[in-house]
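Q: Turn these sequences into a full structure, and let the hints guide you.
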Amino acid sequence: MTMTTVAVVGLSSAFFSSNVHAETVNNLKDKQEQIQNDRSEVKANLSEAEEKISKVLVELETLNKDIERVNDALKENKAKMDETEQSISKTKEEVEKLEAEIADLEAAIEKRFEILKERMVSYQKSGGDISYLEVVFGAQSFGDFISRVSAVNKIADSDAKLMEEQEADKKEIEEKQDKVVDKLDNLKDMKAELEDMQSTINEQKKQNVEKKKSLKEKKSELVTMKEELQIKDSNLASLEREVKQNIASATAPPAQAVSSNRSESSSSQLSTLSSEKSKGSSNTSAPTASKGSGGMSAILNAGNRYIGNSVYVFGGGRSASDIARGRFDCSGFVSWAFSQGGVSVPASTSGLSGVGSKVSYSNAQPGDLVFFNTYKTNGHVGIYLGGGRFIGSQSSTGVAVANMNSGYWNQKFSGHVRRVR
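For the sequence shown, the positions run -22 to -1, 1 to 399 when mature numbering (1 follows the signal peptide of the UniProt record, and there is no 0) is used.
One should not assume that every hint holds.
[As the list claims (entries may be wrong)] Derived Cβ-Cβ restraints for the label pairs, each shown as a range:
#, residue 1, residue 2, range
1, Gln176, Asn42, 43 to 49 Å
2, Thr202, Val379, 33 to 39 Å
3, Ser25, Lys169, 56 to 62 Å
4, Ile209, Asn49, 36 to 42 Å
Bear in mind the hints are in silico, worked out from the structure with no lab data behind them.
All C-beta atoms, glycine included, are put in the ideal place defined by N, C-alpha and C.
A: Pasting the structure below:
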């Protein structure tokens, strides 16, 4: 009875030990499978994070190019502004010189007229037949005055020559006065243009600051993403080593088994890691319009590739280098866009404002030219797209689509519309 009991107890103990061992191995196998699944998920997250880093690097490179392009535009616009200021200074000097010459001529005329009056008085006192008052006050004009004097032939040849010189000087004064007026008008236009250029430069500076800020934010995000990847990679490597050790311990003889606490610790770490999800940000590419196959479709779609990838440069868009780098002013862009549809138009706002035929805004169609009063009448031009929108090279954004039914462009719209076809 005692032997039987001992045998049963021994058999039961062996059976119990075998069951416990089998259960531990099964648990580890389950955990191993979970680890493999979680490792796959972590690797997928790592792959996704690396892809996002790659996209951020591309975006950083694009931003750097944009900033470089804007800085180049700032330098060129500043050079143009300096050139304009020099022209204004030179024109002012010319105006001052003309005004001084006019003053001298007017003084000379006044002096000669006094001489003529003295001679006429002297002639009257000497017993001349014609009254001085009749000549002076009877004449309807200076030309009439000369005719009267010549008719009576009472003034010496030297006096007649003096009057001819006086008449020539008066004509010269009138011509120089016209030049002064033209110079002043040109000066006003140049000042207005300078003010517009200054506004453009300030807007481009603001754009530059915003892009620099965006660049710094992107760099910060990139550093954070790298740090998170390094932490995940380190945790994954540690967990993998510990799981391998636990599997080895579980399959070894009972005396060499590792305590279950270690396995539980591994399971806890696994649970924490598997619940961690990588942060993501949606990257939505800008919509692109389908390009037409020539004609008006080509004109309307030509500028799409420059939206968000261009800069306003005074005088830009007239060379292959400018076009390749997306550097346009308003008229340069319009001229280039029409050339993409096989249509040749001027590259200046003054030239474009008279091209084709004039139509009312209510009858405007896509492809018509629309004008805006900026620094001068019809100083800005764009290509109408329909629905109150137009595309053009705007000073603050480069090539962009803008709304002319409200806001700034609605206020500046001159009502002038031209149809080129």
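Q: Does each hint fit the structure? Answer for all of them.
A: Evaluation of the provided hints:
1. Our hint of 43 to 49 Å for Gln176 and Asn42 is violated, since their Cβ atoms are close to 27 Å apart.
2. At about 34 Å, the beta-carbon gap between Thr202 and Val379 stays in the expected band of 33 to 39 Å.
3. Between Ser25 and Lys169 the C-beta distance comes to about 60 Å, which sits within the given range of 56 to 62 Å.
4. Under the hint 36 to 42 Å, the C-beta atoms of Ile209 and Asn49, about 37 Å apart, fit the expected range.
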